[in-house]
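Please build the complex by placing chain X on the supplied structure of chain A, with the hints as guidance.
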Amino acid sequence: MMRKNNVILQTTTKVAFFIIFLFSIHIFFAGHFAPGGGFVGGLLTTGAIVLLLLAYDLETIQATLPFNFTIVIGVGLLLALGTAAGSIFFDVPFFTHAFGHFQLPLFGDTELHTAMLFDAGVYLVVVGAAITIIQSIGGDD
Amino acid sequence: MEFVWLIFLPAVAALFVPSLFRRAAGIHTGWFVLAIPLVLFGYFSTYIPRVAGGEHAVSSFDWIPSLGISFVSYLDGLSLLFTLLITGIGSLVVLYSVFYLDRKKEKLGNFYVYLLLFMTAMLGVVQSDNVISLYLFWELTSISSFLLIGYWYTRDGSRFGALKSMMITVGGGLMMLGGFVLLGIMGDTYSIRELITRLPDYAGDPLFTLAAVLLLLGAFTKSAQFPFYIWLPDAMEAPTPVSAYLHSATMVKAGLYLVARFTPIFAGSSVWIWLVCGIGLLTLFWGSFFAVKQTDLKAILAFSTVSQLGLIMSLLGAGAIAYHTDDPLFRVAMFAAIFHLVNHAVFKGSLFMIAGIVDHETGTRDIRKLGGLMSIMPISFTVAFIGGLSMAGLPPFGGFLSKELFLESMVALKHFDLFSFGTWGVLFPVIAWIASVFTFVYSFYFVFHTFAGEKKADKLPLKPHEAPIGMLISPIILAVSVVAIFFIPNVVGSWLVAPAVAAAQPQLYSLPADAAIHVAAWHGPKSVPMWLTVGVIAIGTMLFTTMKSWRPVYALQPRNLSLNAFYDGLMSFSERGMNRLSRSFMNGIIRTYLIYMFAFLSVMTIVILFAKGAFELDMDSLSPVTLFAVLNAVVALLGAAMVILSKNRISAIIALGAVGYSVALFFVLFKAPDLALTQLVIETISVALFLLAFRHLPAMKTHGETKGNKLVNAIIAGAVGLSVTLVALSAHSNKLVASISQFYKDTVQTEAGGGNIVNVILVDYRGFDTLFEIAVLSIAGIAVLGMIKLRLAGKGSDDEKK
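Same order as they appear, the protein sequences are chains A and X. End of the first sequence = 141 in this note's numbering, gap-free, step of one. End of the second sequence = 802 in this note's numbering, gap-free, step of one.
This is chain A alone, in the form it adopts within the complex:
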């Protein structure tokens, strides 16, 4: 990326990134009952990172977020497939989800659902794949 010194964009990004990122997390968790979910959540996170990329450069981002995003893809796929396959250990058909209500501290009555694990896998795959693509294209000089 070209050296840039866009103070306004960079300052805004510093705030906006966290807003978008937290919103994406919110949307991810809200998914089962309100609009949202792993796919949109993942995309929003990607969008936040793209914003960082536009304001700064690829090196800064790789230093700030030192993950190997191809491994994130793998972890996501494993999580999704593992959730789906986990059901066969309980002698129910592949992909049978389980859910229940639990009393959690702070949250009160909360529904926990294995679909959330699967969705987390989707989230990770979306972020991993999108950032991998962006990094490969953006980093190709």
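If you are wondering where the hints come from, they were derived from the structure by calculation, not from laboratory data. If you're wondering where the values come from, they're calculated on a predicted model, not measured in any experiment. Idealized CB from N, CA, C, for every residue including glycine.
Among chain X residues calculated to face chain A with C-beta under 8 Å, some are:
no., residue
1, T678
2, A688
3, L771
Stretch by stretch, here's where chain A covers chain X in the computed footprint (C-beta under 8 Å, at least three residues):
no., stretch
4, 742-756
5, 773-782
Frame of chain A; chain X shown alone:
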């Protein structure tokens, strides 16, 4: 104990082989591996008395119960005999390989993984009662054989031989699968035992003969029958322990096993009897005749294996005849087949090991350079002598007994008068006899041209000496067995052979003891087979001593008229032909591919929509058109028009974004917040991505587009738009089935425990879709990474093209 799991024991053990090879480099990995076949051999030996008493053992577990596919280990006489051969010869071969393969130079980790994988596959083939799992193991033997032939993968010959064997055996296996599926459909079961009991229900089915032929294609390709045998000589590129194990004692016998196993089902078919008998006999003759032509020790053995497999095959065919006649004369054949199968595994195993020893100690397998090794390698010579004479069918060795039985069965064939055997049956003993003469000649050729005659030490790459004792143990054990079988044939017969015969002809014998035939070396002076053997010895000796004068006859065959030339031609034709075909429409321009796809899609949709009268327009249920929607549509149209018309990329990208956002607005208008949200984010990210990739893109060019081109593009684009619109309208107007939305509404809380139907569809109702979508997304991500990284690496060197 559920012994079905024992099938997988070698494969599980294979998981530990690579780390054993690396961690315990001081000990030859073969010593660890040896334990597996030994344990299995010991365990399965305990079944001999029970099975010989007419019992059988079954152990199973369901694999895919909804499709009727399970792993069933069914131990009767036939499968037990093969199991013991696989584990017994397997132990000896592993022991031999410990001394044959150098611990420091060879990739033993790979070798033993393949070998153990093969062992599992082979055990699975012979023990499976379910034809689908049998097929699975069958192809696994082809694959492990491919890997073992190609073990020295840097050699051209190894790769060629591996590919050839794979092409032919897997092709045959596919045919066999067709036969299995046909049988499964006709008999309504995949279990072989049930297929046998239900035989009367479907024996008259018109597809019955087709199933028989397809099954035989599988058996013939695997057991190297004419004209498919051509892969076996090329498979000799494998390390010798592999040749001894796979390509003479076990894998190539899988076809024989299959024929024996399915004899109870197909014996009534005349096509079956003619094919098995006829092809078997042709192969017997062809293999024995061309074995004499070969100059490579292992090639001689390969052709002799082809010929011996043909012999057993023809006996199996004759065995099926026993179903059509009560004459006890025909009951000999099946017994002879199984008995010879055992004998062949034993003597051919020892001969291969000797060929390996000669190769190892002299550095060559070219019989023209060998000779006079008898005094240098006395033990090897003795073993080769015993094995060779057994192969030639001479007393006092096991091969003599089964050869006599073979001749007896062939002579009996001329008394059979069904299926026009009355006319042609007389040919069988004649061809069998001629082939026996050539068998005699190549056996002597193999033994005496290697070990007798003058020494040609100066031609040998290495200074010859006797092999280390470890390498000799296995062939000696086999040679002792060859002699032992001659003296105790009826022990072997009643414990191993008769139960197998009873299993192959269950309708004829209720107890294995009924199937036993008293085997004797001396049948009295009136015995026809004995006089035939005397003739074989007389003519064979004559031909052997005059070999030099008649061998030029082999030069008569033109090179380009051989089966190998046919195979090579077929391979290069299909490679080049397919290449040309795909190049004719794959021109490397994405635009062309898009034209194919979109044109096909829209034409198919529109044609089918109207041809089937599926198009319907119901104006009543359309939603009212609001001003917002109209404005939004105008924006989208303007955006789309601008994408097409804009002269530079950046405006095209922005216009495309505008189209996307207006689509998102449509989702908002129609109250689909999830879709709107996703569309918005997607649009934002794709515009950002476009901008990122922007500077990599070349300047906008027309790429040689002409007016005609543009017109075609416009027509296709219009057709795509039209077909999508028509489908959308029809889908909305045609309510053939009730909408699924009510089901979602009813169950989303109770069954799925969620509130947002869209998301619950994604993660639960249609979770499979999502799973595959994220898999595709991952592949796409990694592919982009791969392509860009590869391109970067490719700038310096052209690694990909190597």
